[in-house]
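> For reference, the chains in residue letters:
There are 2 protein chains.
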Amino acid sequence: MRKGIYLENTPLDEALNIWTLRLDAAGIGPLEGESIAAKDSLGRVTAGSVTAVLSSPFYHSSAMDGYAVRFTDTFGASESSPRRLAVGAQAVYVDTGDPLPDGFNAVVMVEDANPVAGEAGKKGFIEIIQPVAPWQHVRVIGEDIVCTELILPENHRIRPVDIGAVISGGHVDIPVRRRPVVAIIPTGSEIVEPGTELRKGSIIEFNSRILSSLVHEWGGEPLRLSPVPDDIPLIKQNILEACKKGDLVVVNAGSSAGSEDYTAKAIAELGEVILHGINIKPGKPVILGWVQNKPVIGIPGYPVSAYITFHLFAKDLIYRWQGLDAPEPEFVRAKISRQAASALGQEEFLRVKVGKVGENLIATPVSRGAGVLMSLVRADGFVRIPAMSEGLGAGTEVDVELLRAKKDMENTIVCIGSHDNSLDLLANILKKRHPRYSLSSAHVGSMGGLIALKKGEAHIAGTHLLDEETGQYNIPYLLRLLPGRKVTLINLVYRQQGLIVRKGNPRKIAGFQDLIRDDVVFINRQSGAGTRLLTDKHLREMGISAADVKGYDREEYTHMGVASAVLTGIADTGMAILASARALDLDFIPVARERYDIAVPAEYLKFEPVAALLDLIASDSEFKKEVEDLGGYDVSDMGKILYES
Amino acid sequence: MRKGIYLENTPLDEALNIWTLRLDAAGIGPLEGESIAAKDSLGRVTAGSVTAVLSSPFYHSSAMDGYAVRFTDTFGASESSPRRLAVGAQAVYVDTGDPLPDGFNAVVMVEDANPVAGEAGKKGFIEIIQPVAPWQHVRVIGEDIVCTELILPENHRIRPVDIGAVISGGHVDIPVRRRPVVAIIPTGSEIVEPGTELRKGSIIEFNSRILSSLVHEWGGEPLRLSPVPDDIPLIKQNILEACKKGDLVVVNAGSSAGSEDYTAKAIAELGEVILHGINIKPGKPVILGWVQNKPVIGIPGYPVSAYITFHLFAKDLIYRWQGLDAPEPEFVRAKISRQAASALGQEEFLRVKVGKVGENLIATPVSRGAGVLMSLVRADGFVRIPAMSEGLGAGTEVDVELLRAKKDMENTIVCIGSHDNSLDLLANILKKRHPRYSLSSAHVGSMGGLIALKKGEAHIAGTHLLDEETGQYNIPYLLRLLPGRKVTLINLVYRQQGLIVRKGNPRKIAGFQDLIRDDVVFINRQSGAGTRLLTDKHLREMGISAADVKGYDREEYTHMGVASAVLTGIADTGMAILASARALDLDFIPVARERYDIAVPAEYLKFEPVAALLDLIASDSEFKKEVEDLGGYDVSDMGKILYES
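Going down the list, the sequences are from chains A and B. Numbering-wise, the first sequence is residues 1 to 645 according to my numbering. Numbering-wise, the second sequence is residues 1 to 645 according to my numbering.
Looking at chain A on its own, in the form it has when it is part of the complex (with noise of 0.2 angstroms):
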């Protein structure tokens, strides 16, 4: 194993700007064009000026159905005294688009020609009362487009009704920029492809469909090389086939400087490693290098620092190629809901959710680790936090680049509080039925939710919160955190909390009296949780000291995490609901039934995806029967209002 190798820390700005320079000085531009049919060329970019090389119309037109004339035989026509027309040779009769006989320079609606029977009881002549204006109801030529003019600037991305207009103006082929092609290169012994039989050790390869996609996005080609392993003269001789065949070439991972990173070396033995590592978080490990003459880009392994940096420093090239600039990110300003401290000297791109609550946008950190894709599966958009702040406190304004559009936002139900399994079916069930609207939920304890109603973050929350002297659920907190706020409380379940075990229970724990035990390792809930209020009452009801439980420091934030926890033995036992420990085939000792409510301050009742949302929890059958699934609930009074104060 090598050691002491480190990476540089190149600040963000000074990397992008030594690898732009370096794309200038190679040269880097719009790729040659090559011809294609213009009705596939929708999304391309016209690597020329297109001009018309045929008149639209290119022949005098009618405009309608009636008679072309001669708009000099109609001269003094009126009422009075109609003009007489010979049918054939005087008045052609013509369907709209037919083309005008020579010599003819008007039409006559046919509403307005009035036939007059000749020999024989034929059409031989019209009437008109009124004179026709020169070219009266005549497309002439080139109305829509004259040979010679420009139908599409060059280095425009072809629209559909470009399609048409380059078509209608005389061409059958059009010339685009040719795609750029990235070539990619998973690498890494662990790794295997989906499907394949897993072993302990195996990682399912999916970076590569990720930046394949990105390519897709950006209008490049990607073409993803099969995984190479842990081999430096293996990733070197794929290196030097994909810049065979690619205009770029990544490859993932081993960018970073461990005893297994092998890119760097790679790149240096065939070329120029320019920059290894730059000073942001995620996305530190990247590699910036040139080999034969094209750009090699050493992305990390994990997902989040992959898709951060493959977006840093791909995106503007892959653009710059096809002879565009890549769009820019929209931005919105919101508040942070919650503190985010961050480490001094790095940029961290913090992945947050983003709601519109009242009037205001709400910015919620979701998980920070490199290695958790979902927090981009969920994520909004990103919060740069610049390498010279420690942090940004609760309530600061900061400026959000989206990563969905800003009406989407706007049609999100923020939910903050307590975490229930049921809210991922509401989740779905929401977008099934109204694909429009989303529920973005963020779990901080049913203290937090009511705490983030108060603070005008959310616009539902899910809790519930004994309270000890009444025996009462939820209201004694409202009207305690909430005071003088109109707040409606809607039931959404009743459900069973206890202790989860392991499969077969093998600590053989029977209750809370076991959690002092030596071998018995807790694992409990944040401070501020509904669960973590039940788990300290039943300690206090039978007089075991907290400092007694061990394991009772390390928290998780959700049943799931409880249950997770339990699963991979991190800990034997943790206080969460039925249903988690369903989810994982886990073992279950029941310790007691609680109200699950929904708190909605009357503000957002009206709110169009809450009362929707709303709507499905008093009367959605499939859900109901979903939750019922889950096991461990009861949902008889699923959507009643409890309390409307």
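Source of the hints: derived by calculation from the structure; they are not laboratory data. Mixed in with the good hints, there may be bad ones.
Claimed, not checked - Within a straight-line C-alpha distance of at most 35 angstroms, the following computed DSBU-like cross-link-like pairs (lysine-lysine) qualify:
| hint | chain 1 | residue 1 | chain 2 | residue 2 |
| --- | --- | --- | --- | --- |
| 1 | B | Lys-200 | B | Lys-236 |
| 2 | B | Lys-454 | B | Lys-356 |
| 3 | B | Lys-356 | A | Lys-356 |
| 4 | B | Lys-315 | A | Lys-625 |
| 5 | A | Lys-407 | B | Lys-455 |
| 6 | B | Lys-244 | B | Lys-315 |
| 7 | B | Lys-606 | A | Lys-407 |
| 8 | A | Lys-265 | A | Lys-406 |
| 9 | A | Lys-406 | A | Lys-486 |
| 10 | B | Lys-455 | A | Lys-406 |
| 11 | B | Lys-236 | A | Lys-315 |
| 12 | A | Lys-407 | B | Lys-356 |
| 13 | A | Lys-236 | A | Lys-265 |
| 14 | B | Lys-200 | B | Lys-265 |
Given the coordinates of chain A, assemble chain B onto it according to the supplied hints.
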């Protein structure tokens, strides 16, 4: 020929309502799902929720290069009393991503482990100087995705990150909605495929290519059938065939009520015509029908009508089949720059160009013909003029439904004024050099341009106004029309104006004296055009009365319009620049050499796109060369500042 068949005039809202109710009644909703490889699912829509079948990671893995340890073995480690761990038994080297050996539950970073040589110099031990926390530097099972967790809800359009998460969650395939198939039947005996040899009366078929591309953009699968002549049995046969293959059948065109319009008849004979004719312009002759339990739409033949009606009646439907709501169009509020009259009783879809001048968004109507596809190519959006309105006065605030991104508009130079062929070249070179900038030109004549500058509706104006008193170009007009405004005048070209005549000058026109001949038809420019002033000046000088010039009242708005009118025999001659004669291979009788300048108010000189444009005018040799190649231009002063107020 049939007569007296009239279209209905159903109001648009009513028509949409009838259509939606019919689709509802037919139970049209999300299509069935199909399973495809997740890696190929970009842009598709989930046909069911996707939950993880595997946790990610599915084993505890190291988050760092270092040593896997049992945290209990590290209790009590300190600088003064390092803890020594036997490599192999108590500390196992792991790279990032490696699984933790069974029973191990933390990782010490390689930097924090001090190797100690064992027997025979082997690294037999490591020493650490602080205890480690449980699960430190470990990616625990499910850190990213917990088995059973919701990854994607139903009805979700799949993005690059989603593909990664789905694969990571243990899937190879993903259930997505089948793409709705839209069978498009081009009809018309006169239509021919692009590239076919044309004869008078031929119409190149391109509407189906526009419609197919729109279907693509909306997520459907277009199926374009071969063109069908105007023959009822054949049309019916094709509709039946299309009903078998498509979810939606589109017949284009023959949707009006003319003698060769068979679509409504064919649909009626096969099934039902629900509605024929709506009160919109363009787009009136649309047919909504139902055949063999499939929706059938008869789309008008004029391309703008086709585009609008297809949006109105097919777009939502195609999204509905995918389980999505169609994305809502973006609107901006803009001021209409000139009056637009509109027929009472018809809802008009006015195409406008939009530019941001100072703080104002200005919408300028473009050509209104249903057959003018270029009006769509050039448009930035639609303004709907309600049926109950007789039009919009200049300066009215309107909502513009955008056809391109709002940001693009902020990078658009609005050029209103005189037309010159070199403006096309300028628009092209600007896009080539600066892909994000656009030059949008409206041709209203030199006077109109200066007035637009005065009213803050344009950034620049092209002008060639000769002041007869002083013999000076443009400056006297600037002083008169824009008193007190700081304006810079930059020369673009000197150019040759003259009388354009058909090739070989068949009418033997020698000069202005021939305009009074009986056999010579003139074509004029609109008043306010510099060329019109020039014409009037010459007529005056030669003592010719306008009344004696046949065609003096017929106006065109551009040089190319005049040239085209001469080429096609609408007129025998007209005043225009040499370049337009050259473009259409016409003959030219020189009359005057004139100066054509660009006027720029001082406040826009620093507006980046304008600055870039002026830079191109001043120094781009490719542009200069292209202008010279047009013919009749003197570019010796191109870019020279001639006046600054």
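> Just pull the numbers of the violated hints for me, sorted ascending.
Per hint list: 8 and 11 violated.
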